[in-house]
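J.: Construct the entire structure; sequences and hints are all you get.
Heads up: the sequence shown runs through residues 1 to 426, numbered per my numbering.
Rather than coming from a laboratory, the hints here were simulated on the basis of the structure.
From the three backbone atoms N, C-alpha and C, an ideal C-beta is built for every residue, glycine too.
Take these hints with a grain of salt, some might be off.
What the hints assert, rightly or not - Straight line, CA to CA, 27 angstroms or less: simulated BS3-like cross-link-like pairs of lysine-lysine: (1) 342 to 412; (2) 327 to 299; (3) 342 to 304.
To be verified - Okay, the calculated beta carbon distance ranges per label pair: (4) 159 to 45: 47 to 53 angstroms; (5) 423 to 291: 30 to 36 angstroms; (6) 87 to 153: 54 to 60 angstroms; (7) 280 to 301: 41 to 47 angstroms; (8) 340 to 276: 31 to 37 angstroms; (9) 423 to 191: 37 to 43 angstroms; (10) 157 to 348: 34 to 40 angstroms; (11) 275 to 334: 35 to 41 angstroms; (12) 100 to 135: 50 to 56 angstroms.
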Amino acid sequence: MKRSQKLKHYIFHSWLIAGAIAFAASLILFLALGFFSYNSATEIAKLELMNKATKAARRISAELLLEHRGSSEAVRLLMQKDYNIEQIEILSMDQFVNRNRDYIQVQIPIPNLESKYSLVASVKGISYYDHFNFFLLISCFSLIGIIVTSGLWIQIKYLKKHIIKPIESLVAISTGENVTCGSWPSELQEISDKLNQSFREREQVVYSQVAQGVIHDIRTLLQSLQVATDLASEKQSEARFKNLLSVSKTKLPNLLAIINTALDGSREIKIQPTECDLIKTLKNSIETNQAIMVSKNIKIDFEKVPQSLITVHDPIQLERVFTNILKNAVEAVEDQNSIDKKIKISCENISSSNVKVIIEDSGHGLPQKAENVFRLLKSTKIHGSGLGLLVSRKIVEAHLGNIKASHSVDLKGAKFEIEIPREVQL
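T.: What follows is the structure, encoded as C-alpha cells:
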C-alpha cells in the first residue's frame, strides 16, 4: 500500500509540473499572440497611411505645379486635413527625415517633382500594450488550462484503472484479502498469476508447519489413550475400568475432530445440501457450547431471529461453521474481566435470495486487518493455527456464500457475518 501511495505522490507531483508547464505555455502564448497582433496592426496602419500619402502626394504635385493653393505650406495643411493624416511634411531632397518611434511614418517622392520634393506622412503609432490586455491573458490561460487538464484527467483515469488499482489489488491479495481482478494489463496479470502461484506454494509450506502442531496434539491425545488402555488391561475395579473407558470416549472424538479439521484445511470441501431449517442448525451449534457458556456466565442475546427459516444447506457442515465461531467467541469473552460477558446472534434477510447470520461478542476483538483471521497461522489465540476459520470459510464458500470478519460496534468485540443463498444447487 505504501508503494501505491508513493505512486500517487509521484502522479501528484507530475500534475504540479504539468501545471507549471501549462502556466509557462500560457505566458508564452500570451506574449506571442500579443506580439503578432501588434505587428499585424502596425502593418495595416502603415498600408493605410501609404495609400493616403500616395493620394496626398499626387494632389500636392498638381497643386504645386498649377500653383492654385499658393505656398507649399498651405497645400500641406490642406492635404493633412483632407486625408485625416496627423502630420504631413514636404521636404526638399537635401533635407533629412526626423524619425520618431512614437509615430508610423512613410516617405514617398512627389510625382513629377521627384527631384525636388518628397512627402513624409506620420500618424500616431499603435500602443504595444493595447495588444496585451487582460482578456487575452485569461483566454490563453483558459485554453492551455483546459487542454492540459483534459490530458491529465485522461492520464490519471488511465493510471488509476490500469496501474494504481491493480497494484492496490496485488497488495491486498498479498495480505490475504479477497479481491476481484478486473481488466488488467498483461504484465500485471502475469504478476498476479505468479503471486497467486507463490501463495499456493507458501500455503503448502505453512500447512506442513501447521501439520506439525496438529501431530503434536494428536500425540498428546494418543498418549492419554495409551495410558488409559494400559491401565484398563490391568486388573482394576469395575468403577476404575469405567472411568478409564470414559477417558477414552472423551479423547477419541477430540482426536477425530483434530484430524478432520486438518484434512479439511488441505482439500476441497464437499457439501450435501438439503432443504432444512437454518435456525435449527444454528441452535444445534449453540447447544454444543451451552455447557461452557453457562459455566462462564456468558449471556446469549437473540435479535431478529425468526422461529424458523427454511433454506437449502448442508446442516452438518454449516453447524461446524457456527460451532467454530461460537467457540471462538466463548474463548474470547471468557478472557475478559467484565461482568457483562455477552454474545449476540441476529439474522437478516438480505434479499429474496440471500440470508445473513451475524454473531458478535464482547471479547477482545480482532486484529486491524480482520480478514486475515481466515488465513493459516493468523489465529487470534495464542496456541491457535487458524485452521478452524479457514475450514469455516471453505464451507461457506462451498455454499456459494461468503463470510466476513470485522469489529462489533455494539459489543466492541469480534463480528462475523455469514451470508448464504436460500437455495444451493442440489
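J.: It remains to establish, for every hint, whether it holds in the given structure.
T.: Okay, the hints, checked on the actual structure:
1. 342 to 412: holds (11 angstroms)
2. 327 to 299: Measuring from Cα to Cα gives roughly 14 angstroms; hence the hint holds.
3. 342 to 304: Roughly 17 angstroms between the alpha carbons, so the hint for residue 342 and residue 304 holds.
4. 159 to 45: 47 to 53 angstroms: holds (52 angstroms)
5. 423 to 291: 30 to 36 angstroms: holds (34 angstroms)
6. 87 to 153: 54 to 60 angstroms: holds (56 angstroms)
7. 280 to 301: 41 to 47 angstroms: violated (19 angstroms)
8. 340 to 276: 31 to 37 angstroms: Holds - the Cβ-Cβ distance for residue 340 and residue 276, about 34 angstroms, lies within 31 to 37 angstroms.
9. 423 to 191: 37 to 43 angstroms: holds (38 angstroms)
10. 157 to 348: 34 to 40 angstroms: holds (37 angstroms)
11. 275 to 334: 35 to 41 angstroms: Between residue 275 and residue 334, where Cβ atoms are some 36 angstroms apart, the hint holds.
12. 100 to 135: 50 to 56 angstroms: Since the Cβ atoms of residue 100 and residue 135 sit about 30 angstroms apart, the hinted range of 50 to 56 angstroms is violated.
Taken one by one, the earlier hints fail for this structure at numbers 7, 12, listed in ascending order.
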